[in-house]
Every structure is written in C-alpha cells, then in structure tokens.
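Enquirer: Spelled out from the first residue to the last, the chains are:
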Amino acid sequence: MTKTPLSSILLVLLASLIGSFGAVFLKLGAAHLNRGFRYILNRQLGFGVVLFLGSSVPFVMGVRHGELSVLYPMVSLGYVWTLFWSKLFFDEPITKAKLGALAMILAGIICIGVGGR
Amino acid sequence: MASSVTAIPQQAARRPNKSVYMVLGCTVFAAAAQVLMKFGANHAMPHMNPAEPSTWMPFAMALLGNYQLLLGYGVQSGNALLLILALRDGELSMLYPIIALTYVWVNLLSMYFFNEHMNIWKALGIALVIGGVALLGRASSRA
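Keeping their order, the protein sequence lines are chains W and X. So for the first sequence, the numbering used here puts the first residue at 4; every next one is plus one. So for the second sequence, the numbering used here puts the first residue at 6; every next one is plus one.
Same shape as in the complex, but just chain X:
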C-alpha cells in the first residue's frame, strides 16, 4: 500500500493517509483492551445490591482489584485518544471501519490466550477483513 501512496502526486496524497495509519495503531490498542476485558470479565465478583449500602464496598474493592479490567479500560482510553487525533482529518465513514482490523488481532491473540484454534473460516474471514481495510486505505489515499 505505502508504495502506491508515494507514487501519486503530493497534493492528492494529503493528510488522510496519516489518519489511516493512526487508526491502524488504534486497532492494536483495541485488541489488547478486548483481551484484557475478557480476562477481567471472568473474575468472580461479589453480588452488589444498589439498595443495600453494605454490599457497595466489597463490590468496589473487587472492582479495584480487578486489575485486568482496569487495565483494559486504561488501554481503551489510550485507544480513544489516538482515535480522536486521527479523526481530526479524513472522513469518519472511511476511517471508522478500519477498526475492523481489531478482529484480526483479537483472533490471533485468542488462539494464544484462550486456546481457540485457527480454521479455514477464520483464515478466510481474516483475509476478507484485511482486504476490506486495504480497499479503504487505497480509497483514502485518492480522497
């Protein structure tokens, strides 16, 4: 992709390209956040009844102790900041679907962390998502 970008005139290859790469960076953060949240969601949490103040504290403490969930939110915040910077330029409808690349990373990470297996459908899906994102990247460099 990058080589075709440099081949087109300077004026046509304006800032949208930089936004595309920033959103690509977001997908890595987002994948890490999803995996962390999945780990965090598996933590056993004490029952919390909003009507009973005595149950608030144990729940709050368990939430603060759920470092994987908290880290997931932290990474998601970094992701949001990068996305905001990326969205200054370029079209939302062009940049937002690039986030789909997160699926590719999540699937690869899930094989490692959650013992999920690769198969023909997943491989086909990953190829289609990468193809779709590449199509958007190419379209944005012409915008």
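Here chain W stands alone, though its shape is the one from the complex:
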C-alpha cells in the first residue's frame, strides 16, 4: 500500500488518543487560571501538559518510519475523541456546526493524506 508500516500507524493513533486526554486535562486545568495567572501550577494542568508532550513520544517513534503526510491523518482522529470527551466531561453540546466542521476537517485531512502518497 504505502511505505508506511502498520506499527507506525498504531503508534501515531496512540499519540492521538493520549493527546485527546491531554486536551481534556488542559481544559480542566485552564479553568483555574480564571482565579489568577499564579494558579497556572495546578495538578490538572500539569497532567495535561505531561499527556500533551508525552503524546509526541509515540508520534516521533511513529514518524521515524513512514511519511508524515500519510501518518498525519491518523492524528486527526484525536478531534473525534475530543468531541466525545467534551460531551462526557464538560457537557458541551454536539451541534450540527461542530459535526459538519469535523466532517469537513476529517475529509480534508484524508484528502491531504491521499495526495501525499
């Protein structure tokens, strides 16, 4: 199919899942900042940053073999995970605009991936 091995695809998918949880914790931790910037050192934000930076470890391992333009679409699934976590943890509504925008973005990223072969 491509020069990109399955192990790279799985590593990058793992990175997307870790990154989506990172976003949830960043959002949780960012709420503390509304009480003042000095609250930037809080546990939730720290965990979010660890997940966010940590997600780049499997990403770097993944992109080592294979093309960035093929592996990159895999990361985009993180937006889908985040949509579910946002509903689950923050009770944010899943609107038509969000679904439409997400569909466009995913389609676009798949097109970019196809164009990258």
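Accuracy of the hints is not assured; some may be wrong.
Derived list of chain W stretches under chain X, where covered just means 3 residues or more per stretch with a C-beta under 8 Å from a C-beta of chain X [what the hints assert, rightly or not]: (1) 10-18; (2) 34-43; (3) 52-59; (4) 97-111.
Part of the chain W face toward chain X, derived, beta carbon under 7 Å [to be verified]: (5) F24; (6) A26; (7) L29; (8) K30; (9) Y82; (10) T85; (11) S89; (12) I115; (13) V117; (14) G118.
Just so you know, the hints here were simulated from the structure itself, not pulled from any lab data. In this text the structure is predicted, and so the values were computed from the model without any measurement. Using N, Cα and C, we set each Cβ at its ideal position, and we do this for glycine too.
With the hints as your guide, set chain X onto chain W.
Expert: Quick look at chain X alone, frame taken from chain W:
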C-alpha cells in the same frame, strides 16, 4: 470572518472569538514543532539498552545534541501555554478541532523542507480543512 464578527451585537460576540484567534496562533507553533521533530527524528541515534548503564551517556549526549528535536519540544511547550490560555474560555469541542489548521501549514512547509509536491488532492484537502475551521469560527462567534 472578522467583518461578520463585528456586525453582531457586543453581547453575543464575547470572548470565545479571542480564544479562536489564540488557537489559530497555536497552529503556527504546532506546525513549526512538527517539522522540527521530523528533522530531529532523522538524526542517527546510538543504540540505548536500559539494562546497560554504559549506553546511557552516549544516548543522553546524542539527545542533547539533537537541537532540532529539543527545539521542537521547546516550540511545542510554547504551543501548550498558548493553548492553555485559549482554553480558559470557550468550548473544548469548538476550539480543539481548529488545531487541524496545522495540517495546512505542515503541508506548505513540507513542500519547502521535504520537497513534497502540491497536487489536486492536497489542494482539495487544504480547502476542506480551512472551510471546516471557518465553520467553527463562525459557530463560536454565535455561541
């Protein structure tokens, strides 16, 4: 987009807009970080065996010498800080997908740095991503 934002009443066009622009800024940082990490990942690294302490030092030195990878992490940290500030307001499900704009920048940068070529699929993909992000931006200004 900006002109339609100013046209709506002050109360409706609250802070979410500022968050949207901050996340747009994040995408530029993220694209730079991805390109730097791709460069860094191409560096030849010595084999490291966790069970053999003698292999730790060469690996650590090679890691510290891999300035592109380190710079990539540095830029990614700046990106995280900006994202945190952006996430104070607005919905995560609205703001997070905007990060997809990173793909657009990465593709343009990849043409320059990695000699990848533009084609009809990439152009279509870039247009769709920009369209999706614009849709989110419009939706957030109504929130």
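Enquirer: Now tell me if each hint is right for this structure.
Expert: Going through the hints against the structure:
1. 10-18: violated (count 0)
2. 34-43: holds (count 4)
3. 52-59: Per the Cβ count (4), the hint holds.
4. 97-111: holds (count 12)
5. F24: violated, 12 Å
6. A26: holds, 5 Å
7. L29: With Cβ-Cβ at 6 Å, under 7 Å, it holds.
8. K30: Because about 5 Å separates W:K30 from the closest Cβ in chain X, which is inside the 7 Å limit, the hint holds.
9. Y82: holds, 4 Å
10. T85: OK, holds: W:T85 within 7 Å of chain X, min 5 Å.
11. S89: holds, 4 Å
12. I115: With a minimum Cβ separation of about 3 Å from chain X (threshold 7 Å), the hint on W:I115 holds.
13. V117: Cβ of W:V117 sits 5 Å from chain X, so the hint holds.
14. G118: holds, 3 Å
Hint check: violations occur at hints 1, 5; the rest are consistent with the structure.
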